Amino acid sequence: MASPSITSLAGIAHALGVTVQYFVDTPSEERSVSRGDQLKFFGFADSANLFARLTNVTGGRQLEAILVRMPPGQKRSEVTTHAGEEFMYVIDGEVSLTLEGKTFVLRAGDSAHYESTVPHSWVNTARVESVVVWVGTPRLF
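The sequence shown begins at 1 in UniProt numbering and counts up one residue at a time.
Do not take every clue at face value.
[Said to hold, decoys possible] With beta-carbon atoms standing in for the labels, derived distance ranges:
| id | residue 1 | residue 2 | range |
| --- | --- | --- | --- |
| 1 | L63 | R35 | 16 to 22 angstroms |
| 2 | G36 | S8 | 37 to 43 angstroms |
| 3 | T19 | K40 | 41 to 47 angstroms |
| 4 | Q62 | G11 | 16 to 22 angstroms |
| 5 | R139 | D46 | 17 to 23 angstroms |
| 6 | G36 | G101 | 34 to 40 angstroms |
| 7 | T19 | G101 | 39 to 45 angstroms |
| 8 | L63 | V118 | 45 to 51 angstroms |
| 9 | I91 | Q38 | 35 to 41 angstroms |
| 10 | Q62 | V118 | 28 to 34 angstroms |
Hints were generated in silico from the structure; no laboratory data involved.
These figures come from a predicted structure and were not determined experimentally.
Backbone N, C-alpha and C fix where the C-beta goes; we use that ideal spot for every residue, glycine too.
Starting from the given sequences, assemble the full structure and let the hints guide the process.
Given below as C-alpha cells:
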C-alpha cells in the first residue's frame, strides 16, 4: 500500500482538478446517498419544467443526474449542442426527443443515450405530466 506525502497528494489532486479531500473522504450518506423524500425541485423562468438533483456532491464529479417533471402543453426545448453525453430514461408519460433532425417518441420504460455534440431537443408530448431521469456530462448546475 502506498502512502504519498501530503505535498505529493496535493500535486496529484491539482493535476486531476480535484481537492485533496477527494482521496481521503470515505463514503457517507451526505456524499453518496439521496433520499426521495428530501428531493428539492427548482425551476427556471424560461421553462415550465421542474428539476431535482439526484446527486449530492458537486465538487470533483463529472456526472449530473436530475429528475425532470415536464408538464403537458409545454413548448419544445431549444435545440442545443455542447460537449459531453446524455442519457434519459422515461419513468412516466411520453417525450419526443429530436436528434439531428430525427424525432424519436419515448414512452415509460424507454431510454436514449447520445453525444451532446449532436443537435438535440425534447418536449413532453403526453396529455399528462411526464417524468424523466436525465443523466449527463458535464455537470449543468
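Hint check:
1. Range check, L63 to R35: about 19 angstroms between beta-carbon atoms, so the 16 to 22 angstroms window is met.
2. For the pair G36 and S8, the supplied restraint of 37 to 43 angstroms holds, since their beta-carbon distance comes to about 41 angstroms.
3. The given range of 41 to 47 angstroms is broken by T19 and K40, whose C-beta atoms sit roughly 25 angstroms from each other.
4. For Q62 and G11, the hinted distance range of 16 to 22 angstroms is satisfied, since their beta carbons lie about 21 angstroms from each other.
5. For R139 paired with D46, a C-beta distance near 20 angstroms keeps the hint of 17 to 23 angstroms intact.
6. At about 37 angstroms, the CB distance of G36 to G101 agrees with the hint of 34 to 40 angstroms.
7. For T19 and G101, the Cβ-Cβ distance of about 42 angstroms falls inside the hinted range of 39 to 45 angstroms, so the restraint holds.
8. The given range of 45 to 51 angstroms is broken by L63 and V118, whose C-beta atoms sit roughly 19 angstroms from each other.
9. In this structure, I91 and Q38 break the distance hint of 35 to 41 angstroms, their C-beta atoms being roughly 18 angstroms apart.
10. For Q62 and V118, the hinted distance range of 28 to 34 angstroms is not satisfied, since their beta carbons lie about 19 angstroms from each other.
The structure shown violates the earlier hints numbered 3, 8, 9 and 10.
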